Amino acid sequence: MLLFERSIRFPYIALALVVFSPLAQAQVLFTDNLATWQAAAGSAINTTSNYGATSTALGTGSVGYPAGTVVTIGVSWNTWCCGYTGEAIWTDGAQSTTLSFTGLGAFGVQVEPDLYQSESITVTLSNGQTITDTVNGDAGAQFFGFVGSGITSLTITDGSNDDFAFGNFYSAAVANNVMITSADLVSNTVAVTLTGDSATTGALTVTANGVSNMFSAQYNGGAAVGPGTYNVPFTRTNMPADVYSTVTAQWNVGSSPAMAMYTLPDSWEVRGVIRHSQYNVPTESSCTGPLVTAYVTNLSCKTFTQTTFENNFVRQTQLNGTGSSNSFGFVKPIYITSCAGAKKPAGATASNTFVQVSTITGDCNTQLVPNSSVATFPDPNTSSPPSSVCGDSILLVQSSQTNLAVKSVADLCPACSGDFRGTNGHIDDFSSIPSCNPLNIKDLGNFWTADTQGQSN
Amino acid sequence: MTENTQKQIFLCSVAALVCLALSSSALAAEALVPGTSIALDKDKNVTARVDQGPDGLSVSLMAAGSPARTIGLPKDIGAVDTIALVSGSKVAVIGEVSSSGKELLLYNESGTQPVDQILCYQPAISPDGTRVAFTRFFPGHFVNEQQASNTAMLYDIRSGAAGNRAAGTPVSDDQDVGFQLYPHETNAAPTHTFMSDNYFWSPDSTRMIFLDEQYPKPATSAKAAVPRNIHLPPGAGLTFVMVDFTSGSPKVSSFETDICATHTGPTCFVRLTGVEFGATGIKADLKGFDVKAAFQRSVELTPDQFVPLQ
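So the protein lines, in turn, are chains A and B. Heads up, the first sequence is in the numbering used here, so the first residue is 283 and it goes up one at a time. Heads up, the second sequence is in the numbering used here, so the first residue is 6 and it goes up one at a time.
For the record, the hints were derived by calculation from the structure and aren't laboratory data. Keep in mind the model is a prediction, meaning the values are calculated, not measured. No false leads were slipped in.
Calculated Cβ distances over 12 Å to all of chain B for the following chain A residues:
id	residue
1	ALA335
2	THR342
3	PRO348
4	VAL357
5	ALA481
6	THR511
7	GLU566
8	ASN580
9	LYS625
Pairs of lysine-lysine residues, derived as DSS-like cross-links and limited to a Cα-Cα distance of at most 30 Å, are as follows:
id	chain 1	residue 1	chain 2	residue 2
10	A	LYS724	B	LYS292
11	A	LYS584	A	LYS626
12	B	LYS80	A	LYS724
Backbone N, C-alpha and C fix where the C-beta goes; we use that ideal spot for every residue, glycine too.
Construct the complete structure from the given sequences, taking the supplied hints into account.
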């Protein structure tokens, strides 16, 4: 195939079909996006000239390849991409070639088929990671690159039995790098990826940074670890009350440890050990005692129906704020409803008159869910973080470090301004227990608690 | 100390001033354990024991030279916080009902049926046993901030059940009881949350102090105009309230404090945890308990800082 079969045309953007294989080694980034590669590689060099027929020096490292022909874009190879006019290596008939590396921790290269047509190009790393793109031979040179340790070779294969050229090398030396990809207090995982020379090892420490406290955990008790991905848990019940907004990871390798900081999407508002009392909706069917006269209206506050309720049900609904009656469904004491000022019939008083409601709603104006909703203080409907606000997720952790529950803030607990009983605070948990007597609704217990705001997975 | 017949006074007779303040909150936090006897007077002439039976809790009163008296408590009382001799020979029992709500039961020198019952929050009996300060009851759940706004009330034990109710209110009404001390306004805004572990009485029962947080601050009409608890500005709606009984009828005054002005954290969420009444001033102990658990300080108050409420 003659070089000068090619004519110089205006490049156009190739529509690339990108196929990612599963990451065999998660610590290596393999991409066909130059910007992504540059962001991950950090300080990198771009080598465009002085290419050798079998190898090219790239800073302190080098890339080797089977003998090819050094061509210059626009002079001896007609098209490339994106204004590149440097050198490339033409495989000169070979439909596949393998590049090898020395002293590199990151490498990227552009590839363009010989024929003026779109062809399938597959690039495979020595660790098995593969990307296949449709690459246009008419000024559509495509980038492929990796960042990470342990990669010894990169094989380029043209799927259309065509030869090709590769060039416009990007490279970076092996560097020790730390990246936090996620931090989740609910699943108790800080995911850290360490990259660097495969021989490098050191202890990995993650730290949650609060306003007044720094709380750390070491992976595997501080044992030295090499490049790879690690999930580091905290001993959460020891984490002191504070608002934690960032997490840092430190890999103690060499004289200058590699570090990374991760800003939490939602700060962790750790409360420490909190008393979790419980509340419910008293059910009339669970009550005993004589029947007494009562009055029920609806939210129109106009029509009052005289009825009888179980005496204890009247009492407990007055104390509690809502009850579940046999005949009227959910009812609330009239004086805490919009009907408080309504004209009542003779015999109807604040203590024996109720308003029928369709659902059990709390201060947040959302339906309460038994064993999931919690009530907090101060008023979650008017507070701002770091106080709990409506919809926040409340994480309860047992001393064994397993989660007891993740609940949702949906109500105000007026009594939770106090009555901590030796803990840092007081949260009231809405329970499904259908008891008439609230004294049967015992405390759920004292648990290490955090408001993770939106983090509830 | 002839009138110092309450349990907490007896327990703290050695270091009365400091212990009074501390014991008030401590008693509120822990119920009396059934089966345990306590002395109700200094000389241990009267003792009381709480017992748990199949029908609920009971209190047995034993006085020297008199037969024991056993009082069965209402079934919805799950625990007894306080038993005290008040106003001479009456007996006050403070029990816990729904979700930190309390019920104050008053008994005459004899008899096993209460002569009055008051649903409330944070009842605090004056050291001389003549008055009870408390927060007016509201349902413990399913209420919003306006409905749960705190109102300080006063019950005068010497006036009896009818004397502590407005005309026309039946003595069987255990919620509409006592007379309103604070606030003085009757409209819905601002809401008040008492950031006090207790109503703190002076040892001579002539003064009583607590801490109020108003939301929004006075003169602010929009509900969300002042974000609550977030870097509160000086003042911040935090007000010490003092009630003076020197002249017999209560005189209420207040002092809006800037105790959060020097607090540098994101939250200034304080509680009044103790009060010491001195000859010239008042020492108020404050503690932040939310995410800034380390916030703890004392402030000195003087009577001339307080402005009478109209």
